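Undergrad: Here are the chains, one letter per residue:
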Amino acid sequence: MKNILFGISTFILVCTTIACHDYLDEKADSLLSLPETLEDNQALLDRYFLLGLHSNSGEISADDIYLSEVDFNAMPREAEKRLHTWQPDHVSTASGNDWANAYSKINIFNNVLYNVDFFKIPNAGNVVGQALTLRAGLYLDAAQIWCLAYDPTTAKTDYGLPLRLDPDMNKPSVRSSLQQTYDQIIEDLQRAASLLPDQQIAVSRPSKVTALGYLSRTYLFMGDYKNALQNGLEALAIHGKLMNYNTLNPATSYPIPNANIEVLLPTNNASSPFITVTKAKIPAAIYGSFATNDLRKSLFFRTNNDGEILFRGNYGGSSSRINCLANDEIYLTVAECYARLNKTTEAMATLNKLLITRWKTGTFVPLTAQNAADALQQIKTERRKELLFRGLRWADVKRYNKEGAGIILTRSINGQTYTLPANDLRSAIAIPEDIILMTGMPQNPR
Amino acid sequence: MKNNIILLFLFLSSSAYAQHKIDGQVLDDQTMMPLAGIVVSAQDMEHSSVITDLDGRFELDVPTVAALIIASGKKYEVAKKEVKLPLNEPLKILMISKILQMEELQLTTGYQKIPRERVTGSFSVVGKELLSKQVTTNIMERIDAIANGVSVTRGIDGLPQLSVRGLSTIRGPKDPLIILDDFPYEGDLGTISPDIVDQITILKDAAAASIWGAKSANGVIVITTKKGNPGQGISGDFHVSTTISSKPDLHYIQQMKSTDFIDVEKKLFSNGYYDSDISSPSHPVLTPVVDLLNKARQGLMTTDEANDRINQLRMVDSRDQFQQYMYQRMENHEYALNLYGGGKIMNWVSTLRYDDQIGNLGQQNKRINFRLNHHWKAHEKVAITLGAYYSRTDQKSGKSGYGTISMNGNWRVPYLQLADDKGNPLMMPNSYNQAYKESLMGSGLADWNFYPLTDWEHNIAESRNTELILNGGIQYKIIRGLDAEVKYQYHEKHDDFEKLADPFSYYARNYVNNFSQKNTDGSYRFIVPKGGILDTDYWKTSIKNIRGQINYNGRWKMHHIALIAGAETRETQKEGESNRYYGYNSYNTSSGAVDYTTLYPSLMTGGKDYIERGQRKRSQNQRFASLYSNASYTYDDRYIVSGSVRRDGSNLFGLKTNDQWNPFWSVGMAWNVSNERFFNQSWVDHLKMRGSYGFNGNIDPSMVAATTIIYDSSLSIYTGTEMARIDQFYNPSLRWETSAITNIGLDFSFFKGRISGSAEWFMKHGTNLFGNAPLDYTTGITSMLMNVAESKGRGLDIQMNTQNIKAGRFSWNTLINFSQYRDEIVDYYSTNKFASGYVGLSGQSVPISAVPGLPVYSIFAYRWAGLDPQTGDPQGYLDGNISKDYTKITGSEKGLEDLQYFGSALPTTFGSVINTFTYGPIRLDVGLTYKLGYWFRRSSISYNNLINNRSGHSDYSYRWQNPGDELTTQVPSNNYTINSSRDLFYLGSEILVEKGDHLRLQYITLSYEPQTSLMKIPLKSIQLYGSVSNIGVIWRANKHNLDPDYAFSNETLKPVVTYSFGLRAQF
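If you read the protein sequences in the order shown, they are chains E and U.
Here the first sequence is numbered in this note's numbering, starting from 1 and rising by one per residue.
Here the second sequence is numbered in this note's numbering, starting from 10001 and rising by one per residue.
Derived by calculation from the structure, the hints in this document are not laboratory data.
Predicted model only: the values in this text are computed from it and were never measured.
Ideal placement from N, C-alpha and C gives every residue a C-beta, glycine not left out.
Keep in mind that a hint or two might mislead.
Claimed, not checked - Dumping the calculated BS3-like pairs for lysine-lysine here, alpha-carbon to alpha-carbon at most 27 Å:
no., chain 1, residue 1, chain 2, residue 2
1, U, K10617, U, K10574
2, U, K10574, E, K281
3, U, K10344, E, K281
4, U, K10544, U, K10377
5, U, K10081, U, K10295
6, U, K10295, E, K297
7, U, K10422, U, K10493
8, U, K10995, U, K11039
9, E, K281, U, K10267
10, U, K10894, E, K171
11, U, K10608, E, K241
12, E, K241, E, K385
13, E, K385, U, K10608
14, U, K10266, E, K281
15, E, K360, U, K10608
16, E, K226, E, K297
17, E, K297, U, K10608
18, U, K10113, U, K10518
19, E, K360, E, K380
Claimed, not checked - Quick list of the computed label-pair ranges, beta carbon to beta carbon:
no., chain 1, residue 1, chain 2, residue 2, range
20, U, L10159, E, P152, 52 to 60 Å
21, U, E10790, E, G96, 25 to 33 Å
22, E, G307, U, E10305, 24 to 32 Å
23, E, Q377, U, T10969, 53 to 61 Å
24, E, I408, U, P10160, 56 to 64 Å
25, E, I408, U, N10519, 51 to 59 Å
26, U, T10302, E, I408, 22 to 30 Å
27, U, G11026, E, G96, 25 to 33 Å
28, E, G240, U, T10303, 53 to 61 Å
29, U, N10519, E, T363, 50 to 58 Å
30, U, T10303, E, A373, 52 to 60 Å
31, U, N10519, E, G240, 34 to 42 Å
Given the sequences, and given the hints that come with them, work out the whole structure.
TA: This is the structure we're talking about:
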């Protein structure tokens, strides 16, 4: 009897154990897989634009928008109200804040870079280049929010960002120096530029031009105008196309198409009630600085029934706020660098090349400058006008103030005046308090 | 075919003798052999009993012409027989051998049946009699009130959560494992008809449940269906019932007063709050009052006219509107027929059941069940079981319930009017500015108005669920005591869902209009074809189980061994497909083509959008393989030891890892004290002590051994290629979640069963509990499945049956279930939290406390310092001082120190008391349930919600308005300036924390069961009943008239009171 029992149980055990090896190998879900092929990793990068949200803290803090008092009072998130009035702390919403937005995507790119290595995926140069460009773009954006403007004399001691470069979540987050942060951005972009093709199948995949464009922006923010100019020119040499705004129809709600020929990377701002089409009003001075024949005056703006100026949205083709990298910015960067390097003629020529496409055909009179300083002033003005809601104003104010521009931001709400003096420590926005609590990283000094 | 009751021919008698003599004989119902030594007496005359002779004969004197004769003997079930004198032939009493009835006394785990005597684990059994006292269509709704150690909690996230002995997991699936007969049931329990259920067994400790391995940590509930009894011939029962309900009480919803709401809108309008909406180029919707105010301001109507109309709206209460036009009484009809056949070789049962329900919103639900179960003793050594179960449920949506009609997002106004005085449908502004809509109408666009009263007629969702279970088993007796069996079950489920927004529905009209493009001549071009929009969703699930098992049962001298060992595999395959059709015509099922790849500007907002594709296909294939064994050894029916072990493997844990076999084991022992020779207390019928220890597990399907990605069902709009996202991040430090359970129990029966029951003490120790731990999201991951906690819980389950009064025809029995369970965090491995991380809000899930020594789900609150006498602002404490810095209070890094701790968010004491009163054929059952020792947070006004989401709260009427009000109210003032931290503070403050303790009257059932032998009908028994369920709370600790089970948000509704009438009969 015991033999029979033993025999049968052994039989069942052996059958199950052998059979199970194959039986349990089956994939549990058809949509699920390991990211082990080039296609898998490209697919991870391609989805980026469904959630490709860049920071909005800069737009909420900067001086391109104002809110009516009643709208401000009804804003649903206290943290954003504090951010808008430059409070020193508690300016991040509890969930889905800019920090989380930036680092959740950096993690995807880190995963892709890790997968390429780990699964030894061949011919992955293009994918690696894209991941590096996207990651550097986010770090550059983040540095404008949570770090002070770059100053070569203090960058080695100024706080930078925690640089997470691989997907291991068990590694602690540690703040790098601002110098290390910028070094990493430049290293990634340079490597990416060497890996990427001049052109990709779609604008959503960063090309060599995207990497060069970001390099140009990075060097500009660092005050390295020579390198900014060189990379900008290199980018324009490959793909320097501009739209002629005369071809756009101002009668449609969102006249500028999404992913048009100027766009190098169609990234969006995270949404916030502060920057919606109806609540965020544009100061009349900005609107007034556009000439009547400047097509942007009608394409960028509309007025509401109360005569207030609203922004239509520019390169997104919709009401969403887009802060994409595009050729118009490269032109302005190149022009600015020429001016700063004392090449007034080249500076104004570059600026005019851009502006002529923005004016009604036949009405544009090329701008002239008496000297480099005049050129720089005009370029700064045009930069602000052209790059509204492109996530650049906050960074520009900070770097202009670094060189002594003395721009003081003020708001007057409910009878109270809020001021952010030039070079105030609060221009490095507070890192979310829960991050500080969890990681023990130092908060930005106040 | 044999009858176990011989029909008697009864004659009315006017006999006036003081004593009547009954001659009779007692026979075995199977063998028809006379039974000697059987005690026979008349009811209430037990003192004058007689004993049958060797021929089974007896002579008994009875005082009345009608009597109930009772026969009892050791190895037989007690037999009762109604007689009416005089008899024209000797009375025959048939008795059923207890050996054949052993199944009744056995407990089942789904793998084996164990006689109660030899059980070491914790089982709680609910038989069909107890189940049938309540009338519900869903079997699970019944066990809450009657099963021991089982509770349904709604406190954590507002959803009912059935749990056995408290929650064992923090994250992970919380549902107990449901076994239908032998195999796990993955379908909707609502489709299982209560009429097929014979008993429900709840496996509560490790010795009982760990045989189910990796899914058993939440407890296991085994549903056993009715079976045919061998040798009983053909019999049957049927059941018809009708249930109706009250209309739901919409005034339980804490809706803001219309007049208050309108005042707020008027004030905001004059402040200019709506101006950005009014002038917005995307034309957002304006509420009726704002629209009127705007029209008056624009001069489109006079201010008086606008105010008149607004004042009319002040009188409207949308709850009344919904109550009148949308809600109705629920009505349910059930019909069930069971047929049993029992021969010596074959026995079978067949069930046919149908129910038809019209819900409170007129939604329809029709269900048909058919079942056949066949047991065939094909050979001396071979037994074959075959079963088939078919169920089909058809559902159709009904009217629009409260809270489902909104203008935009969740915007709802309390003065919504569905119909005018004559009942004609009224228009409600929806999605966009009504005036702008009107300006576009004509030119070929469809009517853009929304009529809430009738729109549901054009938006019909229908679902059809078909289920088929086929099973078969073969059991082969190898030698005496040893048999081998193979069981197979195939379960196929089809879930078909169709939602048709017909061409007249607002959804379809709005969709088509919004995508239409204006031509240069002013006419419109339709991008989305005119017509209906049909969404379909289809899932096919097939589950295959195969099990091979060896059973050994051996007894020699004083020793008894029972052993099972087996292996099984289980595969669940799911295939799903969704589709969407535009321009759908339901008459000829034709649909139109659309372009999904072009961005089209919305006619209303100008924003560009793609046409929704709504197409996806997916398949899943989960596989499990398990090995298990259970053995028990009994010595002299006094000492029992048992053990079980199981290993599970699955393809869930990682795509390439099948080495994740996880073992679970348990040991148990029991001592039948009353079987000891030294033990002879005559008042003790039965006394047993038992104890067990072991492990149960919990699978979380999202556990992976590698970072996995998941593909989107749609392609990138930029590249036209596939897109993927990371589904699960690999965490190399992740461990299995286990729950160790210690159980010590005592089973007792005293005074010939007058008092019986069990008392159990148990301890659960959960280690490596999964939790969604908030991470330093610099890592890119906001929260992740981690082993976050170690917890322990202690509890007590007492079940007691008492026969309180037994006097003549009257009896009173009580069933008491008493459970206590307290859990606490032993260790929490996650990071620090701010004060707000401990508090949570009304309407949101209670956060895990993460504080060692306190319950897993604890209620914390911000300390309350009253309202500011000057401004009516709420005040709390920051660093011990009264403060209004709400951002700092809610974001306090000190977390716990500034908070007030109340207690558990889950009941720590719960149970039920069921009293049964019988008087002759009349029986009254009263079921009470209680939940004690816990806290909940009530809802109140959030000014952010009020202003930005148009969602108020009745507490608004009690808000602080003038200095001095702070003495009588604790509701903060409305200062028209939103501070979301102020709302967060008030809603999380201690002023809104209430004690949850309450006592509920669950059901009252009155039934009448006349003696069928007295009537000329061919029925063995007949029962008429009436029952009232969900009667409501009869005592509560809170002073706000809130039902703590239904207080999750201010719009939670209480279940409706139902009234049922029915008839059960056996033949």
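Undergrad: Run the structure past the numbered hints and jot down the numbers of the failing ones, going up.
TA: Checked against the structure, the hints that fail are numbers 2, 3, 5, 6, 7, 16, 18, 26, 27, 29, while the rest are satisfied.
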